[in-house]
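K.L.:
The residues making up each chain are set out below.
Number of protein chains: 2
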Amino acid sequence: MTDGTNGTVPQLDTLAADAEAKLNWLGEFGKDPDGGVSRLLYSKEWVEAQHALKEWIENEGLEARFDEIGNLFGTLKGKNTNETILTGSHVDTVKNGGKYDGQYGIIAGILALKYLKETYGQPLRNIEVVSMAEEEGSRFPYAFWGSKNIVGLAKREDVETIADFDGVPFVEAMKEAGFGFRDETKPARQDLKAFVEIHVEQGSVLETEKIPVAVVNNIVGQRRFTIEVTGEANHAGTTPMGYRKDAVFAASQMIFDIISMAKEVGDPLVATVGKIEAQPNIVNVVPGKAIFTIDVRHTDKDAIVSFTKQITDRMNEISKNHEVDTKIDMWMDADPVPMDEKIVEVMEKQCKENGLTYKVMHSGAGHDSQIFAPFVPTAMLFVPSVKGISHNPAEYTHPADLAEGVKALIGSLYELGYKE
Amino acid sequence: MTDGTNGTVPQLDTLAADAEAKLNWLGEFGKDPDGGVSRLLYSKEWVEAQHALKEWIENEGLEARFDEIGNLFGTLKGKNTNETILTGSHVDTVKNGGKYDGQYGIIAGILALKYLKETYGQPLRNIEVVSMAEEEGSRFPYAFWGSKNIVGLAKREDVETIADFDGVPFVEAMKEAGFGFRDETKPARQDLKAFVEIHVEQGSVLETEKIPVAVVNNIVGQRRFTIEVTGEANHAGTTPMGYRKDAVFAASQMIFDIISMAKEVGDPLVATVGKIEAQPNIVNVVPGKAIFTIDVRHTDKDAIVSFTKQITDRMNEISKNHEVDTKIDMWMDADPVPMDEKIVEVMEKQCKENGLTYKVMHSGAGHDSQIFAPFVPTAMLFVPSVKGISHNPAEYTHPADLAEGVKALIGSLYELGYKE
Chain A
1 MTDGTNGTVP QLDTLAADAE AKLNWLGEFG KDPDGGVSRL LYSKEWVEAQ HALKEWIENE
61 GLEARFDEIG NLFGTLKGKN TNETILTGSH VDTVKNGGKY DGQYGIIAGI LALKYLKETY
121 GQPLRNIEVV SMAEEEGSRF PYAFWGSKNI VGLAKREDVE TIADFDGVPF VEAMKEAGFG
181 FRDETKPARQ DLKAFVEIHV EQGSVLETEK IPVAVVNNIV GQRRFTIEVT GEANHAGTTP
241 MGYRKDAVFA ASQMIFDIIS MAKEVGDPLV ATVGKIEAQP NIVNVVPGKA IFTIDVRHTD
301 KDAIVSFTKQ ITDRMNEISK NHEVDTKIDM WMDADPVPMD EKIVEVMEKQ CKENGLTYKV
361 MHSGAGHDSQ IFAPFVPTAM LFVPSVKGIS HNPAEYTHPA DLAEGVKALI GSLYELGYKE
Chain B
1 MTDGTNGTVP QLDTLAADAE AKLNWLGEFG KDPDGGVSRL LYSKEWVEAQ HALKEWIENE
61 GLEARFDEIG NLFGTLKGKN TNETILTGSH VDTVKNGGKY DGQYGIIAGI LALKYLKETY
121 GQPLRNIEVV SMAEEEGSRF PYAFWGSKNI VGLAKREDVE TIADFDGVPF VEAMKEAGFG
181 FRDETKPARQ DLKAFVEIHV EQGSVLETEK IPVAVVNNIV GQRRFTIEVT GEANHAGTTP
241 MGYRKDAVFA ASQMIFDIIS MAKEVGDPLV ATVGKIEAQP NIVNVVPGKA IFTIDVRHTD
301 KDAIVSFTKQ ITDRMNEISK NHEVDTKIDM WMDADPVPMD EKIVEVMEKQ CKENGLTYKV
361 MHSGAGHDSQ IFAPFVPTAM LFVPSVKGIS HNPAEYTHPA DLAEGVKALI GSLYELGYKE
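Just so you know, the sequences run in chain order A and B.
For the first sequence, our numbering gives the first residue as 1, with consecutive numbering after it.
For the second sequence, our numbering gives the first residue as 1, with consecutive numbering after it.
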């Protein structure tokens with residue numbers, strides 16, 4: 001931003017204070033009595049938040065508009081209006097979530113546009129911020145409703161028969177909020193030349209390594225499994241060890257080996273056994289059944305395939321040794337989503353030029369960016385999450401890091417929106 | 001039974017048919033709509049069953065009486081009425097239990113007394129059968145109410161403030177059933193010279209080894225623990241393996257090692273992890289907590305102490321390696337109860353003399369006999385349980401085995417009650 005301009009750089013203190021104040025302000029919409037935020041798609045709080053954001057965008061002298069389904073856009077018009085650089089994230093939260101996840105990406109985007117407009121005036125291309133309707137899938141059994149509508153992936157039939165936990169149909173909630181379906185006969189936007197999303201890390205890598213900003217080059221793929229080990233339930237006192245088919249014993253060896261193997265393979269592979277259940281789950285009964293889940297993630301598809309093959313073989317071997325039956329059910333198989341190399345390069349370049357300490361890393365969590373990436377050149381920025389806490393009222397990012405993130409976003413949007 | 005008598009031995013077929021018919025008859029009291037029996041202490045079904053048993057006992061020409069709390073006794077009077085050989089078991093069942101557990105010991109006892117009376121006439125000592133009020137602890141949080149009253153262990157204050165799952169106070173249920181507290185100022189019975197309990201094995205050792213009868217020489221001691229492993233809950237995608245404190249990973253190693261160590265020690269040691277829980281128990285969250293139980297049993301106290309020391313050390317070592325916190329809470333510590341050597345010898349002798357195939361084994365489950373043993377010379381007989389199934393409507397023992405058991409009981413009571 002120092003080349004060809006007046007050399008002004010954003011004031012760190014002002015950005016920190018602005019970002020924090022706006023996050024607190026937005027966090028009031030859907031604030032839970034005991035802390036945290038619940039702002040589910042098309043709820044009253046959600047409608048109020050989107051309209052309040054629209055008002056703020058307009059007050060900053062930007063053009064604001066909703067699309068049919070309720071994504072909110074704010075545009076800083078460029079000389080060439082056929083090309084748009086998009087930034088932003090999702091406005092919905094999980095139930096009793098924090099005030100950073102998604103929301104920081106919108107606020108950072110508006111602050112960046114405001115700063116760019118005030119500092120550099122009209123850009124070469126449109127620079128646009130979006131407050132997307134939905135990403136979490138927390139109200140209805142459908143996720144990424146916002147981004148999937150922008151790129152044309154969401155279909156009317158996907159949501160026509162679904163309802164929330166109280167039985168309210170998706171379509172009814174949408175109409176109640178003042179929105180409707182997009183016209184699926186019309187093609188998706190062709191003007192989007194880049195999507196840049198800034199988000200909290202939701203992990204503790206940046207905090208641990210004391211780095212304020214990351215450039216994200218990949219979103220992991222993941223496979224999820226449910227494993228059901230069936231042995232034989234027996235009396236814990238009257239069944240000698242040699243007579244048992246103990247499902248928890250077999251499962252314990254599987255779990256220990258899976259996690260050990262994942263540690264051995266090393267970063268960026270992660271494997272998690274998050275859920276476990278024994279049956280009948282009684283202190284004095286040898287468990288006849290053990291059910292557990294496995295979540296495997298990696299940035300490389302082949303690595304996921306190879307690791308899940310290894311653990312499947314190992315589980316089958318253990319199953320045979322224990323003389324139990326093991327059912328391995330893979331119910332999720334999502335490929336990794338690489339970010340656009342050129343945008344990653346632009347982001348790295350401006351971090352260096354502006355003296356920002358950063359690292360290049362992958363995202364272990366899913367984001368709207370993974371929906372955009374196959375359609376629009378996309379990359380992400382991360383700021384640290386204190387203790388990696390996420391989807392929780394205790395979600396927190398230090399104001400100084402919020403500011404560094406906004407600076408990195410400003411720099412990136414400047415490169416993408418103002419340069420030839 | 002062939003020495004000094006007319007040489008008659010019980011007819012196997014008749015005993016099989018009698019035992020099965022009477023078990024079916026008794027199983028009608030508290031029969032559940034979809035199979036199984038629920039006959040909880042002092043319930044309507046329980047009262048009806050005890051009174052029906054009293055009537056049967058009287059019809060067989062034996063003296064029947066209740067004690068204060070509702071234990072039912074049937075006596076075949078001996079020449080010396082100061083000495084009594086007692087047999088029997090408990091009449092209560094677990095919720096939706098089977099028709100063999102406890103009940104077989106009462107029915108076998110009555111059939112044995114009937115046979116002895118008809119075959120040999122008056123014994124030297126009283127031979128008495130007891131249908132004990134309660135053993136399972138299934139209605140009120142108190143177990144062995146029947147046997148503990150006979151030996152004088154049960155105290156009024158133990159049950160005065162307890163109630164069942166519907167809030168019905170113990171004392172009210174007892175009065176409603178027509179019973180009350182025993183006079184605690186009076187000493188326990190001094191005439192009991194032996195207690196012999198026949199019971200279904202509740203394990204599959206006899207079935208697997210194709211042996212119809214066992215002489216029980218010991219009831220295992222047991223220790224029970226709850227283990228709480230505390231690590232750190234984290235996002236399954238964004239937390240690299242090296243950053244994790246995965247409670248389920250640590251617990252899986254503990255469980256695998258505990259069971260492996262128990263297998264290495266070998267019979268009669270058994271160790272069971274029956275119950276396990278992860279927190280927050282979500283597929284995509286590294287578990288911050290894992291809670292599991294351990295049940296350890298052995299016939300030798302020192303072996304229990306030494307094994308639990310070993311696994312405690314191992315768990316602490318694993319806990320340290322995983323950098324998690326582990327709380328080990330021992331909430332049950334019951335010593336093994338050896339059966340009376342002389343009675344075991346008598347039982348073995350008569351099995352041999354009467355050509356019964358038997359084995360000497362320990363009981364891995366608790367029984368009324370463990371309450372009697374410290375006060376009265378006590379031993380047990382087992383008959384096979386098909387597939388070891390117990391506390392379940394599918395509880396089953398083949399009629400031929402039921403008959404072998406009654407024969408072994410007749411032989412034992414003859415030795416104890418008719419011989420000098």
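Calculated from the structure, these hints are not laboratory results.
Ideal Cβ positions, reconstructed from N, Cα and C, are used throughout, including at glycine.
Check before you lean on any hint, since a few could be wrong.
[What the hints assert, rightly or not] In silico DSS-like links for lysine-lysine, alpha-carbon gap of 27 Å or less: (1) Lys-289(A) x Lys-359(B); (2) Lys-320(A) x Lys-263(B); (3) Lys-245(A) x Lys-22(B); (4) Lys-95(A) x Lys-22(B); (5) Lys-327(B) x Lys-22(B); (6) Lys-117(B) x Lys-263(A); (7) Lys-275(B) x Lys-327(B); (8) Lys-309(B) x Lys-359(A); (9) Lys-210(B) x Lys-275(A); (10) Lys-289(A) x Lys-95(B); (11) Lys-327(A) x Lys-387(B); (12) Lys-387(B) x Lys-245(A); (13) Lys-245(A) x Lys-320(B); (14) Lys-210(B) x Lys-359(A); (15) Lys-289(A) x Lys-22(B); (16) Lys-275(A) x Lys-320(B); (17) Lys-275(B) x Lys-327(A); (18) Lys-275(A) x Lys-359(B); (19) Lys-95(B) x Lys-387(A); (20) Lys-289(A) x Lys-275(B); (21) Lys-193(A) x Lys-31(A); (22) Lys-193(B) x Lys-175(B); (23) Lys-245(A) x Lys-309(A); (24) Lys-387(A) x Lys-289(B); (25) Lys-275(A) x Lys-289(B); (26) Lys-95(A) x Lys-245(B); (27) Lys-320(B) x Lys-387(A); (28) Lys-245(A) x Lys-77(A); (29) Lys-359(B) x Lys-263(A); (30) Lys-387(B) x Lys-54(A); (31) Lys-289(B) x Lys-245(B).
[Claimed, not checked] To list a few chain B residues with every Cβ distance to chain A over 12 Å, as calculated: (32) Pro-33; (33) Asp-267; (34) Asn-281; (35) Lys-327; (36) Lys-387.
K.L.:
Evaluate each hint against the coordinates.
P.N.:
Here is how each hint holds up against the structure:
no. : hint                    : result
1   : Lys-289(A) x Lys-359(B) : violated, 32 Å
2   : Lys-320(A) x Lys-263(B) : holds, 18 Å
3   : Lys-245(A) x Lys-22(B)  : violated, 34 Å
4   : Lys-95(A) x Lys-22(B)   : violated, 60 Å
5   : Lys-327(B) x Lys-22(B)  : violated, 49 Å
6   : Lys-117(B) x Lys-263(A) : violated, 73 Å
7   : Lys-275(B) x Lys-327(B) : holds, 16 Å
8   : Lys-309(B) x Lys-359(A) : violated, 48 Å
9   : Lys-210(B) x Lys-275(A) : violated, 41 Å
10  : Lys-289(A) x Lys-95(B)  : holds, 22 Å
11  : Lys-327(A) x Lys-387(B) : holds, 24 Å
12  : Lys-387(B) x Lys-245(A) : holds, 13 Å
13  : Lys-245(A) x Lys-320(B) : violated, 30 Å
14  : Lys-210(B) x Lys-359(A) : violated, 70 Å
15  : Lys-289(A) x Lys-22(B)  : violated, 36 Å
16  : Lys-275(A) x Lys-320(B) : holds, 23 Å
17  : Lys-275(B) x Lys-327(A) : holds, 21 Å
18  : Lys-275(A) x Lys-359(B) : violated, 44 Å
19  : Lys-95(B) x Lys-387(A)  : violated, 48 Å
20  : Lys-289(A) x Lys-275(B) : holds, 11 Å
21  : Lys-193(A) x Lys-31(A)  : violated, 36 Å
22  : Lys-193(B) x Lys-175(B) : violated, 31 Å
23  : Lys-245(A) x Lys-309(A) : holds, 25 Å
24  : Lys-387(A) x Lys-289(B) : holds, 17 Å
25  : Lys-275(A) x Lys-289(B) : holds, 11 Å
26  : Lys-95(A) x Lys-245(B)  : holds, 26 Å
27  : Lys-320(B) x Lys-387(A) : holds, 22 Å
28  : Lys-245(A) x Lys-77(A)  : violated, 69 Å
29  : Lys-359(B) x Lys-263(A) : violated, 50 Å
30  : Lys-387(B) x Lys-54(A)  : violated, 70 Å
31  : Lys-289(B) x Lys-245(B) : holds, 10 Å
32  : Pro-33                  : holds, 21 Å
33  : Asp-267                 : violated, 5 Å
34  : Asn-281                 : violated, 5 Å
35  : Lys-327                 : holds, 16 Å
36  : Lys-387                 : violated, 9 Å
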